[in-house]
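Undergrad: Heads up: the protein sequence lines correspond to chains A and B, in order.
If you're matching positions, the first sequence starts at 50 in my numbering and goes up one per residue.
If you're matching positions, the second sequence starts at 1313 in my numbering and goes up one per residue.
Rather than coming from a laboratory, the hints here were simulated on the basis of the structure.
Among the hints, erroneous ones may be present.
Stretches of chain A that chain B covers, calculated by requiring three or more beta carbons in the stretch to come under 8 angstroms of a beta carbon on chain B [what the hints assert, rightly or not]:
#: 1; region: 87-101
#: 2; region: 115-127
#: 3; region: 139-153
Listing some non-contacts, in silico: residues in chain A with all C-beta distances to chain B over 10 angstroms [stated by the list, open to error]:
#: 4; residue: Met50
#: 5; residue: Ile51
#: 6; residue: Ile54
#: 7; residue: Leu55
#: 8; residue: Thr62
#: 9; residue: Leu83
#: 10; residue: Asn84
#: 11; residue: Ile104
#: 12; residue: Asp106
#: 13; residue: Ile112
#: 14; residue: Ala135
Simulated crosslink set (DSS-like; lysine-lysine; CA at most 30 angstroms straight-line) [said to hold, decoys possible]:
#: 15; chain 1: B; residue 1: Lys1875; chain 2: B; residue 2: Lys1337
#: 16; chain 1: A; residue 1: Lys75; chain 2: B; residue 2: Lys1337
#: 17; chain 1: B; residue 1: Lys1798; chain 2: B; residue 2: Lys1468
#: 18; chain 1: A; residue 1: Lys155; chain 2: B; residue 2: Lys1854
#: 19; chain 1: A; residue 1: Lys155; chain 2: B; residue 2: Lys1468
Cβ coordinates follow ideal geometry from the N, Cα and C atoms, glycine included.
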Amino acid sequence: MIARILVGLLLLTGLATLVARRNLVKKVFGLAILNSAAVFLFVMEGAHSGQGAPIVDGSALQIVDPLPQALMLTAIVIGVCVTALALAIAARLHRATGSLDIDVIKERLGNGHD
Amino acid sequence: MGMTDLALAPAILPLVGAALALAGKTARPASARTLERLGAFVGLALPWLPLVLLAPSILQGGAVEGFVGGWAPSVGVAFRFDGMAWLVNLLGFAVAGPAWVHARGSGPRGSAFTALYLVQASALAATSMAADLFNLFVCLEVLGMASYVLVTESGKPGAYLASFSYLMVSAAAMVFFLLGVYGLYRLTGALEYGAVARGLSALPDSGGHAALASVAAIAAAIALRTAVMPLYGWLPEAHALAPHAVSAVLSGVLIKTPLFALTRILVLLPGGGETGAILGAAGAIAAPIGVVIALSQTDAKRLLAYHSISQIGYVVAAWGAGVALIAADPDGAGASAGAVLVAAAYLHALAHALFKGLLFLSVGTVTDVAAERDVYRLRGAGRALRRAGERLPVTTLAFAVGALSIMAIPPFNGYASKAALSAALKGRWQYWTLLAASVGTVASFIKLSLVFRRPKPAASTETFSEEAPPAVADTATEAPESGAEKVPISAKLATATLAAACLAGGLAAPRLYRVVATALGAAPGATDAWSAALYAPAELLKTAGLAAGGLALFALARTAPGKALASAIRNRPRGFHGLFLALCLGMAALTAWLIR
């Protein structure tokens, strides 16, 4: 139970950072934390059926469910791609406006009207 | 080559094409261009072949099901190529091909762009046939990732900010999607839609609140991608600032594919019918609101982007009502009636894909040639086009076809699809909100058409001014460097193709509607009554009434109070936080409604 609460807190931390921070890079951090919380949740879930390594040799029964782990490998890869892309866009915005603060960027870009 | 290979080909061929185009990065420029063209041919033209080959069996209501790569069902990724997948592919490739051709002239070009564009096309096809929750997640992420980059290809700083907001809110929504997948996997230990549904029905209370909350999270994430009303904030900037060809695909195809992919989940899982009904209601409310915001815009492409929100509202309204009927009665008469509603929604989605793609491309050409995007300042567009070397007014005519289609004037496809929506929604409250939205649509396209009016002095009331005297100064002369730009032949080709498709879609509408309804599982002959009444005097009278209403609304919007109101709507505060607030509140409301 305590683990679930911690994951829930992580999720909220990520969401709050994503929304409340004005710095683009910190927003990207928030997204990464949010993503990690979902990954934790899946991996935790997989460990309910057992803790052993999922190597099926006919004897081991208390193994973790390998499927969530496989899914999360994919989700992590996607998360890394999204983070990298977001940082690249943030860098471009910094180059164009000289700021990483979303309000300042908006102002310098003329409130979205180019 | 088996049916399975044929069904997967529309998703795999664009990937092969993307690899070819990307290989051009290492080659010399001349061979890079050849590889790029070859890649686009493989990725955008060849997929038509499997679609044509599959059509006879799929359109009779058949489906190709299986597991990618032939893996065992317990570990394999399930896919299902049914009538809906076929239709969504048709919609996607019909717009993606011409839009790519347009990009040859209007930009962006290059190996990287074409490769990404093809990855997006592949993800569209894959999304349409996903039958596995996690696979749907991956497809949506790939689709999103390609579109975030494509939006920035225009190189405008504003586009980067739009792409950043789009990326952030959409990635956050996908985390909630993942949480929904988690909930369903925890309850059932399955990811394939059918297995999840069976697992849930075996549980004592079919999963209870946990299942409903999971469905709500998945539906909310997809609603954001579809830009259903409260979750639309990312769309206008991204679609307005993207390159024209990308705008056409984003508005035409990208926002509809996830919606139709969601159908399969909602008709199977508990709470799906109610979710459909709620989304449908949101769409019906979005249609008139989107139009009002569109009417207040001054930027030509932003006006079109807000119209996408309004038009997707039409689609979602009928789709949601249909899904609710199918989910309530999956094997009986409700399913057939629901299929007719979903067919009407699809017909409008297809029509919108074609005419909105056409509008984005032709308006893009006009604004490039005139170097002006403000609809109040841009005048004499027809002459600017002629000066740019367009002897046959292809772009002007194409714009006219697109505008008449979206205004629902016969015989173009927008008329037929809106008539199908009205017939399917007759007797529901949604009918009236969509009718109101149609009046606004007419008004805002009268406004947009004014860019073709002769420049000052504005004595004439004609909308199009092909015969304007050449002596009067216009905006094109103020920007000689871009005004001198020729209209590329590829742009003409692309707009002419889409314009022809709009006209054909309107003329062949009765047949098309019957085919679509059959493919989606409606009873035979369900659309015959509609076909007979399509050009009945009552319908035509209604169209004339709508046009007159639109003209009156346009006149009203030009008065001083109308202009003040438009300015207030245009400059309403829109922030980054609003996107997330809408997402969280929307999801919470949906969950609360389902659990209550």
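Undergrad: All the hints need checking, so say for each whether the structure fits it.
TA: Status of the hints after comparison with the structure:
1. Counting residues of the region 87-101 of chain A whose CB lies closer than 8 angstroms to any CB of chain B gives 4, which reaches the minimum of 3, so the coverage claim holds.
2. Only when three residues or more bring their CB closer than 8 angstroms to a CB of chain B does the claim for the region 115-127 of chain A stand; here the count is 6, and the claim holds.
3. With a threshold of 8 angstroms between beta carbons, the proposed coverage of the region 139-153 of chain A by chain B holds, since 6 of its residues qualify and at least three are required.
4. For Met50(A), the requirement that its beta carbon stay farther than 10 angstroms from each beta carbon of chain B is met, with the minimum near 15 angstroms.
5. Under the 10 angstroms C-beta cut-off, the non-interface status given to Ile51(A) relative to chain B holds; the minimum distance is some 18 angstroms.
6. At the 10 angstroms boundary, the C-beta of Ile54(A) stays outside the reach of chain B, the nearest C-beta of that chain being 15 angstroms off.
7. Listed as outside the interface, Leu55(A) is consistent with that label: its C-beta sits roughly 15 angstroms from the nearest C-beta of chain B, beyond the 10 angstroms cut-off.
8. The non-interface label for Thr62(A) is consistent with chain B: the shortest C-beta to C-beta separation is roughly 13 angstroms, beyond 10 angstroms.
9. For Leu83(A), the condition that its CB be more than 10 angstroms from all CB atoms of chain B is violated, with the nearest at approximately 5 angstroms.
10. For Asn84(A), the non-interface assignment is contradicted: its Cβ lies about 6 angstroms from the closest Cβ of chain B, within the 10 angstroms cut-off.
11. Its beta-carbon lying about 15 angstroms from the closest one in chain B, Ile104(A) satisfies the requirement of being farther than 10 angstroms from that chain.
12. Every CB of chain B lies more than 10 angstroms from the CB of Asp106(A), the least distance being 18 angstroms, so the non-interface label holds.
13. Once the 10 angstroms rule is applied to beta carbons, Ile112(A) is consistent with being away from chain B; the minimum gap is 14 angstroms.
14. Non-interface status of Ala135(A) relative to chain B is broken: a Cβ of that chain comes within 10 angstroms, the nearest being about 6 angstroms off.
15. With a C-alpha separation of about 51 angstroms, the suggested pair Lys1875(B) and Lys1337(B) falls outside the 30 angstroms cut-off, and the hint is violated.
16. Of the supplied pair hints, the one linking Lys75(A) and Lys1337(B) is violated, its CA atoms being roughly 34 angstroms apart against a limit of 30 angstroms.
17. Distance hint between Lys1798(B) and Lys1468(B) is fulfilled; the C-alpha atoms sit about 22 angstroms from each other, no more than 30 angstroms.
18. Between Lys155(A) and Lys1854(B) the alpha-carbon distance is near 44 angstroms, which puts this suggested pair outside the 30 angstroms criterion.
19. About 13 angstroms separates the Cα atoms of Lys155(A) and Lys1468(B), which keeps this hinted pair within 30 angstroms; it holds.
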